[in-house]
Amino acid sequence: MSGLYIHIPFCRKACNYCDFHFSTQLDPMDRMVDGLAKELRLRSSTPKSPIDTIYFGGGTPSILTEKALDTLMETITTYYNVSRSAEVTLEANPDDIDADKAKFWKRAGINRLSIGIQTFNDKVLKVLNRSHNANQALKSIDWVRQAGFHNISADLMFALPEASDASLRADLKTLLNLDLPHLSIYGLIIEEKTVFSHWKIQNKRSFPSDLDYERNYRIVHEELTKYQYEHYEISSFTKNAHFSRHNTSYWLQNPYLGIGPGAHSFDGDNRSHNISNNQLYLKQLDTGRAHPVVEALSLTEKMNEYIMTRLRTHFGLDFEQFEKKFHRDIKNEHLVLIDQLCSEGFAFLDLNKLKLTFEGFLISDDICARLFYPTS
Amino acid sequence: MIGFDYVFCKVKVLFLQIYFHSMQNIRNFCIIAHIDHGKSTLADRLLEKTSTVTKREMQAQLLDNMDLERERGITIKSHAIQMDYLEEGQKYVLNLIDTPGHVDFSYEVSRSIAACEGALLIVDASQGIEAQTISNLYLAIEHDLEVIPVLNKIDLPGAMIDEVSDQIIDLIGCDKEDIIHASAKEGIGIEDILKAIVARVPAPKGIRDEPLQAMIFDSVYNSYRGIEVYFRVFNGVIKKGDKVKFVSTGQTYDADEIGVLRLDHEPRTSLEAGNVGYLISGIKVAKEVKVGDTITHEDHPTTRPIKGFEDVKPMVFAGIYPVDTSEFEELRSSMEKLQLNDAALVWEPETSVALGFGFRCGFLGMLHMEIIQERLEREFGMTVITTVPSVKFHAIGTDGTIIPVSAPSEMPEPTKISHVEEPFIKAQIISKSEYIGNIISLCMDKRGEIKNQVYLTSDRVELTFNLPLAEIVFDFFDKLKTLSRGYASLDYELIGYRTSTLVKLDIMLNGDKVDALSAIVHRDKAYDWGKRLCEKLRGLIPRQMFEIAIQAAIGTKVISRETVKALRKNVIAKCYGGDISRKRKLLEKQKKGKKRMRQVGNVEIPQEAFMAVLKLD
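Sequence lines, in order, name chains A and B. Here the first sequence is numbered in my numbering, starting from 1 and rising by one per residue. Here the second sequence is numbered in my numbering, starting from 1 and rising by one per residue.
To be clear, the hints were calculated from the coordinates, so they are not data collected in a lab. You can take every hint at face value.
Ranges between beta-carbon positions, derived for each pair:
| id | chain 1 | residue 1 | chain 2 | residue 2 | range |
| --- | --- | --- | --- | --- | --- |
| 1 | B | E348 | A | E230 | 57 to 67 Å |
| 2 | A | L176 | B | L586 | 26 to 36 Å |
| 3 | A | K331 | B | S248 | 53 to 63 Å |
Each residue gets a CB set at the ideal place from its N, CA and C atoms; glycine is no exception.
Whenever a hint applies, use it, and build me the whole structure from the sequences.
What follows is the structure, encoded as structure tokens:
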């Protein structure tokens, strides 16, 4: 099982919180699509197992023209061994979605959509500098459903400036009414070199505190679990086991290949990433090969990644598997801590696996850091 | 060219040996000055003027060659350097013996002074005389040194030439014309100083044919060659290859190499009475080399060891522990290496319930303690916890026996002792008169007793207090500096033990006593101390998964309590696409932060918390 990620590095405008790689210069889009197709061909021998998940992320993949998406899908199916039951996700912004586009995506082979709603509060959407409004978001869900999409995920954010507990509850109520099988719900992080970070430094706007964050996160958890959503990963909720198979492969250390500027790959031993610059990315491909920056993981780094990714999810840290993979008895090495985590309600043991509760998710960075092995 | 240089050098050495080492042409002197009064700069100028070093070789403040010293601006360990000076056709050999400038090292200063016949008294014309200067000056006068007063920094706009000259005249009873005006920075008066050294400092008096009698005034550890011993020959001659004996330790060595200290070491075949030099004989352990000890010959030993020798005694004690318990052995080996070149450092293994295995260490003072901690971190890459420093108390048993207590854990049960005594010091503080009020209230607050108050000039006062040593080891010096805007200076000496009402104050975290945070404090201050320490710890211990109760207690009685609330949120929700590395690195960084913390029970205590008592306000 391998994953394939394609990064579409363009956006109509920059969201004030986003630090992923994108450009708002849309002119070189055709050249970029050629470049992506080229990298797809050049690295087609990389995956050692069939492609089980394909993910168009960004940036804004819904910005792609029909021709562009067809080119990419064709290249993938021609050069890669894609399993019949593969999950093929496309991230879409509500303002890009209409009835025709939705039908086209269905036809092009996309079978899962991740829709960037963020909030249904128009005032907050403006603060975020999103290019859609609440009405468009609701309509977009209608259209994709009419086009035959069932496996739909929505992105929502909390701990946002200008938002209140009441507006978060209203967002959740709207989402619950939509009854989507998957939700990705993120608390706002002020990343460096974003407009928000600039505002924060200049004291131009007040942002929610850690206490607001905690209270909001708790509301999200409580509301959604009340309505049969499973909180299966720190930021992910699903109904009836419609997990994001692609993201799950990240948590389970499965290999994935990332295509496009700024995209990340993992082959089981090495992590690598492409340069986060559209022009340089294309220039590098002119040499006739891809130029990912490779970082070989040490044993300690692998162990730490296992701890970190597993504890994010309800798959949990599997002590037996850990010992098999790394020859370390992590359970015994941290007996006292694990005991304490369980007795204080931060974690529980389930068939020799350590899993975090919601209270544990809240302080999961601290828990991971405590379990981490020291790096030099 | 290389050949020429070499031959030239050799010839020069020979020339000097033959013609210019007669005692009449030797001058041994030291510099007495307060920190920042320009000692190092002046030393640099003397070396330049006598062509001992060229400008190119001159690093700023050449004599302070340990990184740490340079940063702190203090000469921690004394060194010596030899210069040649030509005066009216005669060549003179000038030995400058450097002196450390901090109260922690006053014994070493006394030994450097004992190795000289003269002293330059450097006083900053814009600052006036300081306490440290006066006590060192008294030492110099006690040893019959010829004192040459130098008014430095006369070029500064704030120079108070007449006023400071009067202070100097009052102190040493010289004539106004005897005071040399100088600016080491600008190179003013340097020639005058050199002339005065030759004219006014007496030549050494010693007898060449007597048994060898030389005094060790310093030593330096060299990882390749062992300990270098710096000495002054008073009588007799030491020759390369001699069998020598150190009187106090009784150890004998071969003088593998002897020589004089210039910019580099210059080996010699012999050194005669009156001269200053170094000895290398493969000594591995600094403890064998005691400052003030007498070097003599094994065969014809002197019957008169040099007076004034003392075994240095530590004044301040603290535990040093590795933050990571697994680094205990590494810490031991680092401590052993440190001890090789720091004979004043004493330690023995110690166990703490909270911290595991570590070492109880004795230091000359707080500065010495900080230096050791910094050297462990910088030179050996150790991350250590230093526990609450303590002085050595005497617990007097009901049967009258004296039980020394240099750690709270060593304090016997109250029922087993009749009373406790603590060391007292006599402190001399010199300050501008406008700060007297502040200083007196600080000293009163520190349980001091004023003994004397003397006006040195119309606006400079010398105050004498008796104070418990325990009160000044923590933050006294910093406070004194702050409340006198840096003007007050301090010197002190131990005057003995006195009975005090002392109690052991314990700190508990979530009900567990953390022995490394305990302290012995005066009963009247225990409540205030406990309260402030709890508050301070609340600020230093980060929020953790669990709520943490911080309590201060005397015996079973809790006198103060603070709470660190549980951590509310520590999660980075998104995982940056497939960029797992970024997230992992963030957490690994968080982990490294934890490395500087010590887990006691379920509480992670940061390294700084153990030093919190030092910074209670």
